[in-house]
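S.K.: Top line first, the protein sequences correspond to chains L, W, F, H, E and S. Heads up, the first sequence is in the numbering used here, so the first residue is 1 and it goes up one at a time. Heads up, the second sequence is in the numbering used here, so the first residue is 1 and it goes up one at a time. Heads up, the third sequence is in the numbering used here, so the first residue is 1 and it goes up one at a time. Heads up, the fourth sequence is in the numbering used here, so the first residue is 1 and it goes up one at a time. Heads up, the fifth sequence is in the numbering used here, so the first residue is 1 and it goes up one at a time. Heads up, the sixth sequence is in the numbering used here, so the first residue is 1 and it goes up one at a time.
Among these hints, one or two may not hold up.
Any copy will do: because identical chains look the same in the list, a pair fits if it lies in one copy or spans two.
Stated by the list, open to error - Dumping the calculated DSBU-like pairs for lysine-lysine here, alpha-carbon to alpha-carbon at most 35 angstroms: (1) K152 - K11; (2) K234 - K107; (3) K216 - K233; (4) K94 - K287; (5) K313 - K130; (6) K313 - K234; (7) K295 - K130; (8) K131 - K11; (9) K94 - K256; (10) K127 - K287; (11) K234 - K152; (12) K11 - K107; (13) K114 - K131; (14) K69 - K120; (15) K233 - K94; (16) K63 - K127; (17) K234 - K23; (18) K302 - K122; (19) K69 - K131; (20) K122 - K69; (21) K11 - K122; (22) K23 - K131; (23) K69 - K43; (24) K127 - K302.
For the record, the hints were derived by calculation from the structure and aren't laboratory data.
So the chains spell out like this:
6 protein chains.
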Amino acid sequence: MNQPELNTLIKNDRIDHFLLIRKIELRSTKSGNDFLSTELGDKSTSMNANIWEGFSEIAARGKVGDVVKVTGTIEEYQGSLQIRVASMRLALEKDNIRARDFLPISKRNPEEMKKEFTQKIKSIFDKQLKKLLLEIFNETRFELFCTAPAGKSWHHAYIHGLLEHTLEIIKVCELMCEFHPELNRDLLISGAMLHDIGKIEELSFDSAFEYTDKGKLVGHIVIASNLVRDEIKKIPGFPTELGNNLIHLILSHQGKLEHASPVVPKTVEAIALYQADELSAKVNAYKNAIEAELKPDSNWTKFIHLADTDLHKFNLRENSEDNTKKSLFD
Amino acid sequence: MNQPELNTLIKNDRIDHFLLIRKIELRSTKSGNDFLSTELGDKSTSMNANIWEGFSEIAARGKVGDVVKVTGTIEEYQGSLQIRVASMRLALEKDNIRARDFLPISKRNPEEMKKEFTQKIKSIFDKQLKKLLLEIFNETRFELFCTAPAGKSWHHAYIHGLLEHTLEIIKVCELMCEFHPELNRDLLISGAMLHDIGKIEELSFDSAFEYTDKGKLVGHIVIASNLVRDEIKKIPGFPTELGNNLIHLILSHQGKLEHASPVVPKTVEAIALYQADELSAKVNAYKNAIEAELKPDSNWTKFIHLADTDLHKFNLRENSEDNTKKSLFD
Amino acid sequence: MNQPELNTLIKNDRIDHFLLIRKIELRSTKSGNDFLSTELGDKSTSMNANIWEGFSEIAARGKVGDVVKVTGTIEEYQGSLQIRVASMRLALEKDNIRARDFLPISKRNPEEMKKEFTQKIKSIFDKQLKKLLLEIFNETRFELFCTAPAGKSWHHAYIHGLLEHTLEIIKVCELMCEFHPELNRDLLISGAMLHDIGKIEELSFDSAFEYTDKGKLVGHIVIASNLVRDEIKKIPGFPTELGNNLIHLILSHQGKLEHASPVVPKTVEAIALYQADELSAKVNAYKNAIEAELKPDSNWTKFIHLADTDLHKFNLRENSEDNTKKSLFD
Amino acid sequence: MNQPELNTLIKNDRIDHFLLIRKIELRSTKSGNDFLSTELGDKSTSMNANIWEGFSEIAARGKVGDVVKVTGTIEEYQGSLQIRVASMRLALEKDNIRARDFLPISKRNPEEMKKEFTQKIKSIFDKQLKKLLLEIFNETRFELFCTAPAGKSWHHAYIHGLLEHTLEIIKVCELMCEFHPELNRDLLISGAMLHDIGKIEELSFDSAFEYTDKGKLVGHIVIASNLVRDEIKKIPGFPTELGNNLIHLILSHQGKLEHASPVVPKTVEAIALYQADELSAKVNAYKNAIEAELKPDSNWTKFIHLADTDLHKFNLRENSEDNTKKSLFD
Amino acid sequence: MNQPELNTLIKNDRIDHFLLIRKIELRSTKSGNDFLSTELGDKSTSMNANIWEGFSEIAARGKVGDVVKVTGTIEEYQGSLQIRVASMRLALEKDNIRARDFLPISKRNPEEMKKEFTQKIKSIFDKQLKKLLLEIFNETRFELFCTAPAGKSWHHAYIHGLLEHTLEIIKVCELMCEFHPELNRDLLISGAMLHDIGKIEELSFDSAFEYTDKGKLVGHIVIASNLVRDEIKKIPGFPTELGNNLIHLILSHQGKLEHASPVVPKTVEAIALYQADELSAKVNAYKNAIEAELKPDSNWTKFIHLADTDLHKFNLRENSEDNTKKSLFD
Amino acid sequence: MNQPELNTLIKNDRIDHFLLIRKIELRSTKSGNDFLSTELGDKSTSMNANIWEGFSEIAARGKVGDVVKVTGTIEEYQGSLQIRVASMRLALEKDNIRARDFLPISKRNPEEMKKEFTQKIKSIFDKQLKKLLLEIFNETRFELFCTAPAGKSWHHAYIHGLLEHTLEIIKVCELMCEFHPELNRDLLISGAMLHDIGKIEELSFDSAFEYTDKGKLVGHIVIASNLVRDEIKKIPGFPTELGNNLIHLILSHQGKLEHASPVVPKTVEAIALYQADELSAKVNAYKNAIEAELKPDSNWTKFIHLADTDLHKFNLRENSEDNTKKSLFD
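Only chain L is shown next, with the shape it has when bound in the complex (with noise of 0.2 angstroms):
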């Protein structure tokens, strides 16, 4: 898919481009003429497009999470670039285009971060908590974990996060360990690793993020441990307190009961563990919200609802000299 990406488009810019939709509707103007809305985007950004005939197919058969081959040009309306749409198509088969890859995605190189996790596994001294970490991250589910989001919309909330998101709680944790020689690291590193994984089956990533069904009705902090349960009971000899203590460490691992964790922490390795998450998730949150959400000619944000205020961006290379002016209260 060679095409350039819809965030380094400007007004007047030619276009012929494979897009996601991410809505669609038909409405109708006051005057009663029929047109189809809808929203268009690849892993860069979204824009508004509107056709106003010509539309029946994709009317009747497109839907959220289609890709569509659409050609026109960039226009503005009220301040935002939408699509002046000429021709518009749903892709075909030939076309071989999969609509993951219009999903926001890391920064990051996933061959490299994969290298890094099977690395973390090798280093787990204790045997048994080795094998059992092999047998999870076996080929299927390696592919999925490394593929997922880490969230819906909040933090590391791309293709590849989930991996992203944990190598990162795996370092945070490995510096606690150097700190406090008392940790139990395997335990804690193994803890690392799973704490998320049910988010595989709590999300759906093939053409949107969307919480699936067992997602909601059981939520991925039961799903993991459940998984890691099942693993458990295939291994022979496996310590029930060592297995007491891992799904301890998933079930806990959100801090609080009203963050749906249904246990609190009660051992050091969970509350670090518990601590790691937060960090690698808050940092990773407000770093993509004042990107996404800066006010034009602003270094704030508009307001934050999951931070509960506005953000603000620092640039120390943009103080102008005025800056240093003093005023009345310097």
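Based on these hints, arrange chains W, F, H, E and S on the given structure of chain L.
M.R.: Just chains W, F, H, E and S now, with coordinates in the frame of chain L:
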């Protein structure tokens, strides 16, 4: 075991009883004499019993949950009854005494309750749910389920309490099905039966009601969902969505995240189960707290933390005539 | 009034109906033409209806809660049905139409419910409580009580809803009395009957469900306690403590201070009433929300604020075979 | 009663006093001797007093709230003063002693406060409100109102405290009326006068400050609203909306649902009354807590739970010179 | 500037006004025509004004906070008044117009308030506190202080609002000193004067009320404590403990950690200041919200989020006779 | 000071030690004999020590924080070790003993930590930030900073704890900079270094860890922001926005208003610092709590209030074989 219950004895009564050790501690007086301070009880109540000599064997080998044979008399100290010990020895094998017989026990007939519960299983129409219930409530597990308390101290905290509590919920849920034929009765009643089954692993109840390590690290909600899922996997063709909904009932039955449910109720069956559980638990808990904690010469208990108030016992028959005289405001 | 219910009509159906005005506003198009924008409904549902000419009388005199006679056809606009108006006039006295007949109404038979309720009063054993109930539920007030909704929009929010809700609670409380003979049945059932009677003054329900000024400034809890106290004072020799306990049931029936109860439940009867109320209200509310808010082609509703989640409709019969195929985790 | 106040006595002083029993309990020493443990006090403070012999009559008949005649000496035990009892007998009718005279009492002159309050009633312009106030504050009720404390222990918890507290609020409200002529002064001042009148039934204050049964089951807010409503009903033509607004002031004066107000303030008068009440109550409570709980040789109290902090007494005159030496940061 | 206030104009009135731009946006109709959508206002109110041609200069150079000269007529659209623009140009230097004159302004006389405030400084007895106040309220800073609003939108959100609010608090605190001679008046009144002075840097108020960057990153509480500390350090021999207590008043004046005070009130002066601030702020806020948000033909406002309720305007004189007819319950 | 640490002694050991007075109180027995009750300790632990005679000088002059010379033996009382005192005297000047040497102390080498910290300052690239840090960490202040504990009792509550805690946070922040090159490393690391520097004035740590008056009235957050601001003002041309952002890091580092931060984190650097602080503090606190509070013969501590749970120590090596036997559910 043919002995009068402890709460029927009064000052100066002779005592020749098997009793359970609830607390035991070797202490010294300021003047340096050692004595053994114990709290002994049967299913009706507990009393303090200090031993001033001849306690070396008990002090060395006795522990909480053991049964002792005690002789002596009942005396009063600072307004409470206690045991003046003449002799005390640990129960022997040949005494044929079970510690569990000294734990508080439901006032309802256990055989009758078991029969009721078995009838309820038979009333399930859906074949796969009924098969699942029969597998889960196999002989061994049913025995445990029928013996366990429903809690450590707050509600239905006595032998057979889990069975009694579960039956109450089932009946409340059946009433809700009468009001709302839209409810899926098979699903709801199955959920009611299974919602607290994790308590047979969360609590130990051989000689005291205590949380197990697994109970603290994993919790009865996830223990139950694991058990149900294991048995579902053994039943070929068990519908996935039915399984997810049944597990949802178990996971959400405490109603709120901050009450340790990892998901909140999202179906009408789930909200019915949660509210029925609350109703059964709270009424039992308040009734027992009022019975146990009423202050002397008062219709009020001390402050009850779990209710966040003191509680009142209303006794219509005690209204003397002068209660009806008009107050200033009436 | 012999006309098909609005929710049975489909596109292109002719309409010749009396309907209730739920919203009415005179608006202009950008091009400066005035039109009358209304929402019209009967007890089954509501639809938008814009009138482009000949609306001067309605615009001048019509208001929310009035009934109009409308002719026209059903048409579709942006995925919803609406009314294309041919003619519209205000209902005349001789049309003999009551606005209340257009409000949502309980599916249960009101006469049957009244009979049940009257039987429950007769079942009260205590003479003074029974006398009190008969005075309170005198003819006028009983009629109002049997007509009122139990709420503005959340649960039992339809004509006869208060009666239906009260009967449910009475039956749940009777079941609790079976479990706990210690409960004072006369007190509890009387409290159940009276707990929400303040709603007949808190809400108006002639042509819409709205809070009255008194409802907002005083609230149904204090309104009810005032009413009960007035009638108690008329009964010579009514026991003071019985009166205080009955009023306590009314005041505490919302269970928590933050739910606007000025005292929390302090008796076992009070906690039973609160939990029975919750059970009846929540199950009704969730059932109705699921019915009303299910998204098209989905088993999930939109996000429901009062439940703080989206809700799920489980329909066993819809499980197709491929629901049983094993997922990765099952 | 001509005796020095208890808090003026020091070690080795002789004592020949009438004192109020605040606690009384028959206890035994470890060695089996009985003694009577009491706490005795007057309006200034309380002290422990143990009696080792000759206490049989007191033990049998004395109870909290009774007055006793005590002789003995003041001694020190574990850093606190206590009474070494030589003799103790219950007060006799002929002693002509009232238990209430031993309760803490306002430092303000009660007659002066009554006069002020009566003037404030006269200042009400609206005839019906003034009539209502005169009916409510009839001779009997006014006497009770002028005697009652405003609380059990937190603020204005002394005889005449309710009157003192109410006068403070009235003056604060008058100041607010100066700032905001839009406020309805008659309504606001009447609401201020009546807001806590329910406390004369919520609390008993003959020989101790305790909640009554009615106080616990109904609460002073609803007691007051009932009283006001009764008297309003006796006044022909009293405007309904005025009545609802006055009762709204009473019901909402604790400002938040979680503080037991069944409605929150919805008028500008209601918010003024709530905030004036908070101001009067908190300043009085903090002042008294600082006086009563200052740690020895410290300007800090112990931790005060209702303030959720320890409190500080600032005394400018105690600043020694070396307070002014510069710290590292200053 | 001699022009009638905007809120005195009615439909069809001619307009020839300077007005402040409150919102400005270039938009297009569906049919592709551009127009300029603005909201224009003076200190009394704001109105929408769309311009369909001849707006290129304004669109290019005009921004929020600029003043424009507008001619045209008042017209009505969807129930609201708006301006039909005949001509619009940006104000010129020679027009000699200040944006600030278009901001809402206190109804109290500013010179009178300044005089009052100056008198209050003179009333401080302690020499060092008085010196400190005179330094802080030097000419430049006093001018700013007397101009600033006390908030962005909730209470005293108008020019001179900070001065008006501070004077109210001073008077309430003086009243508290009358009730409680134990209060340190000098400390308390100084704290009242300084508590919100940080707002002159937290907010900008030249042409709109907005938070500054420093206001968002540091906040008015810490800004004020910094300012006071700077000036204290310039006064030799200023008592350390006095300084700490004064800064404590500033830091704790929002009363609760969750209201952004970094310490809670720990002295009786601190609790008095906090409660006086609440009283002044809330009454002003409710009064203004009721004025601004009353629904047409109603004594109720829309739902006010900061009050968490709708608000009610009580107008005794509007009570018609039929308000006094008895309702069922009265 | 060459004496075995207190926690290495066992029953019957001789003692001839300098120890710190942690508690001291003159008490009497019931029989009227005075004795001196003390708690004495060194950096390893504390023990009770009662003195029955010859304590008059200590009782008169000794106070918490003084060092005494004690001889005697270790004995056991009610399961705990205590000191049977033979002689006790206050330490003399010539003994050359510092109270601080008896306080708990970091296990890390302080010189090594100082060197690390100095290196981190050197690693700051921005000249003005580096200059600021060098000024703040001047010789006197650096010495204090390197000695202070990071808290009174919860985390890093030992000599050098503040330095140890700060170094941990710096390293975690450096790791975050590796993950996110967008982070401003100079700003973040400077903020980490300074965030808790206010603790050197908030706490006293000469002979015990206690809050100072300034600590309670102002708090370490505002103390630190004041200090940093003072030093910034001395550096000509220090960029205003850089200063505001650095102070924002300090003010927001406790992450939430209810944790006493007057502003919440609004930049990505601020959220990183907050989460790194939480991680370092919680893991240290849990580790120490588990070490200190483990119940005898148990892997569980008592209930830890700040963690709101009991805590568990997992020791893989203790897993006996029978831990692996299958439970009913596994």
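S.K.: Now, for every hint given, state plainly whether the structure supports it.
M.R.: Status of each hint after checking the structure:
1. Taking CA atoms no more than 35 angstroms apart as the test, K152 paired with K11 passes inside one copy only; the shortest distance there is 31 angstroms, against 38 angstroms between copies.
2. Proximity of K234 to K107 under the C-alpha cut-off of 35 angstroms is found in neither arrangement, the shortest distances being 37 angstroms within a copy and 43 angstroms between copies.
3. Within a single copy, K216 and K233 get their C-alpha atoms as close as 26 angstroms, and across copies as close as 20 angstroms, so both meet the 35 angstroms cut-off.
4. Taking CA atoms no more than 35 angstroms apart as the test, K94 paired with K287 passes in neither setting, with 39 angstroms inside one copy and 47 angstroms between copies.
5. For the identical chains of this complex, K313 and K130 are inter-copy neighbours only, at 22 angstroms across copies versus 43 angstroms inside a copy, given an alpha-carbon limit of 35 angstroms.
6. When the C-alpha separation of K313 and K234 is checked against a cutoff of 35 angstroms, the pair qualifies only between copies, where the shortest distance is 26 angstroms, while the shortest distance within a copy is 51 angstroms.
7. Taking the shortest alpha-carbon separations for K295 and K130, only the inter-copy value of 32 angstroms comes in at or below 35 angstroms, while the best intra-copy value is 48 angstroms.
8. Proximity of K131 and K11 under a CA criterion of 35 angstroms is satisfied in neither setting, with 56 angstroms inside one chain copy and 47 angstroms between copies.
9. In this assembly of identical chains, the alpha carbons of K94 and K256 never lie at most 35 angstroms apart, being 50 angstroms within a copy and 50 angstroms across copies at closest.
10. Taking CA atoms no more than 35 angstroms apart as the test, K127 paired with K287 passes between copies only; the shortest distance there is 26 angstroms, against 39 angstroms inside one copy.
11. In this assembly of identical chains, the alpha carbons of K234 and K152 lie at most 35 angstroms apart whether taken from the same copy (32 angstroms) or from different copies (33 angstroms).
12. Proximity of K11 and K107 under a CA criterion of 35 angstroms is satisfied intra-copy only: 27 angstroms inside one chain copy versus 50 angstroms between copies.
13. In this assembly of identical chains, the alpha carbons of K114 and K131 lie at most 35 angstroms apart only when taken from the same copy (18 angstroms versus 43 angstroms across copies).
14. In this homomeric assembly, K69 and K120 never come within 35 angstroms of each other (Cα to Cα): the closest approach is 42 angstroms inside a single copy and 54 angstroms across copies.
15. In this homomeric assembly, K233 and K94 never come within 35 angstroms of each other (Cα to Cα): the closest approach is 46 angstroms inside a single copy and 40 angstroms across copies.
16. Taking identical chains as interchangeable, the C-alpha atoms of K63 and K127 are never at most 35 angstroms apart, the minima being 49 angstroms within one chain and 38 angstroms between chains.
17. Neither within a single protomer nor between protomers do K234 and K23 lie at most 35 angstroms apart by alpha-carbon distance, with minima of 45 angstroms and 41 angstroms respectively.
18. Taking CA atoms no more than 35 angstroms apart as the test, K302 paired with K122 passes in neither setting, with 45 angstroms inside one copy and 37 angstroms between copies.
19. Taking the shortest Cα distances, K69 and K131 never come within 35 angstroms of each other, neither inside one copy (47 angstroms) nor across copies (52 angstroms).
20. Within a single copy, K122 and K69 get their C-alpha atoms no closer than 45 angstroms, and across copies no closer than 56 angstroms, so neither meets the 35 angstroms cut-off.
21. Taking the closest pair of Cα atoms, K11 and K122 never come within 35 angstroms of each other, the shortest separation being 52 angstroms inside a single copy and 48 angstroms across copies.
22. In the homo-oligomer, the alpha carbons of K23 and K131 never lie at most 35 angstroms apart, since the shortest distance is 45 angstroms inside one protomer and 44 angstroms across protomers.
23. In this homomeric assembly, K69 and K43 come within 35 angstroms of each other (Cα to Cα) only inside a single copy, at 15 angstroms, whereas the closest approach across copies is 47 angstroms.
24. For the homomeric pair K127 and K302, the shortest alpha-carbon distance between copies (33 angstroms) is at most 35 angstroms, but the shortest distance inside one copy (50 angstroms) is not.
This entry does not satisfy hints 2, 4, 8, 9, 14, 15, 16, 17, 18, 19, 20, 21 and 22, going by the numbered hints stated previously.
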